[in-house]
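There are 2 protein chains.
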Amino acid sequence: MKLLEDKILNEGKVLDGGILKVDGFLNHRLDVALIGELGADIAREFVGCGATLIMTVESSGISIAFAAGEKLRLPVLVAKKHKSLNISDGVYTAPVFSFTHKTQNTVVVSKEYLSAGDKVLIVDDFLASGNAALGLLSLVEQAGATTVGFVAAIEKEEQGGRALIEQKGVKVYSLARIKELRAGEIKFN
Amino acid sequence: MKLLEDKILNEGKVLDGGILKVDGFLNHRLDVALIGELGADIAREFVGCGATLIMTVESSGISIAFAAGEKLRLPVLVAKKHKSLNISDGVYTAPVFSFTHKTQNTVVVSKEYLSAGDKVLIVDDFLASGNAALGLLSLVEQAGATTVGFVAAIEKEEQGGRALIEQKGVKVYSLARIKELRAGEIKFN
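Here the protein sequences come in this chain order: H and Y.
According to my numbering, the first sequence is numbered sequentially starting from 1.
According to my numbering, the second sequence is numbered sequentially starting from 190.
These aren't lab readings, by the way, just hints derived from the structure by calculation.
We put the beta carbon where it would ideally sit given N, CA and C, even for glycine.
Treat the hints with care, as some may be off.
[What the hints assert, rightly or not] SDA-like mimics (lysine to any residue), calculated; alpha carbons at most 20 angstroms apart, straight line:
1. Y:Lys-270 to H:His-101
2. H:Lys-111 to Y:Lys-270
3. H:Lys-119 to H:Tyr-173
4. H:Lys-111 to Y:Asn-216
[To be verified] Facing chain H, from chain Y, some residues (calculated, C-beta under 7 angstroms):
5. Leu-219
6. Val-221
7. Cys-238
8. Gly-239
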């Protein structure tokens, strides 16, 4: 999606360790018009896929998932991120390791809001190693529900997450697909 | 706002300690159409107020602030919540005590995205004791910016937060204003 690629080229910052900082428009300060366009693009790609629910994880995925939900007229389930595994009954949980923060988290959704009949479109801000994605896919599997697609606003191809998701038979769609990420040089696929 | 009041009466759950659980439509599972209406209502109230920026705090305020930002065509700055005070330079920080979780957090925004000229409309999901609100107001003050209003989707009047904000000369607007919160009995103002 050219709009997002241009924004990344103009305003994204590449930090050490292959981290792409998009604080100015996607994470910390939200460019509402841009994110609305991301939602519209996701809706165009997945209209008619039969999704009953969009799922994301707090907190950077929320606005993108919400924008997609508006266009597809679907509710959004926000998985919570916890530091501990000490969590009440009535929830599905999955471990997620963050390479960026070098921390182990647990993602959690209430069983009340994810049912066996659900067809889930997962939307997140980044796809990198695929660790967070696998955690979210696991929540859907535990509920006996189906994942109809995984969407990332930004994919960092070099970290290989796409293959892990596709191995599970899930379609991956990213709005900006970064092939090479170096300071001063970002190449898209 | 009758739409939100009805939703609270029909789907909200009152837990011990005066906690109102709105997981099914506002916090965990997002009712996208409802939240879009909240955004439209906020926009009607604050159109022409001169706001340059909407500010909220992760993660439950994000979707409401985003919906308001869409209608008012304003960017949204999402204050981050940290457990520690050990935070890098280049940010404004304020302590916030959560009565619900009995924890001390720090709210943080980058100085890069909050400037002296900004007129800030703060949007959050709840107003209760006003502790979180005061933290966000402090961030605006530190930047030398102005707060043009504080919006809560749901206000729990009994906890007295409104007075603390109004004492600072800031207009408070809540979309559902709860006078009494008891299991089986919720009264609005």
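Hints, verified against the model:
{"no.": "1", "hint": "Y:Lys-270 to H:His-101", "result": "holds (15 angstroms)"}
{"no.": "2", "hint": "H:Lys-111 to Y:Lys-270", "result": "violated (26 angstroms)"}
{"no.": "3", "hint": "H:Lys-119 to H:Tyr-173", "result": "holds (16 angstroms)"}
{"no.": "4", "hint": "H:Lys-111 to Y:Asn-216", "result": "holds (15 angstroms)"}
{"no.": "5", "hint": "Leu-219", "result": "holds (4 angstroms)"}
{"no.": "6", "hint": "Val-221", "result": "holds (4 angstroms)"}
{"no.": "7", "hint": "Cys-238", "result": "violated (17 angstroms)"}
{"no.": "8", "hint": "Gly-239", "result": "violated (18 angstroms)"}
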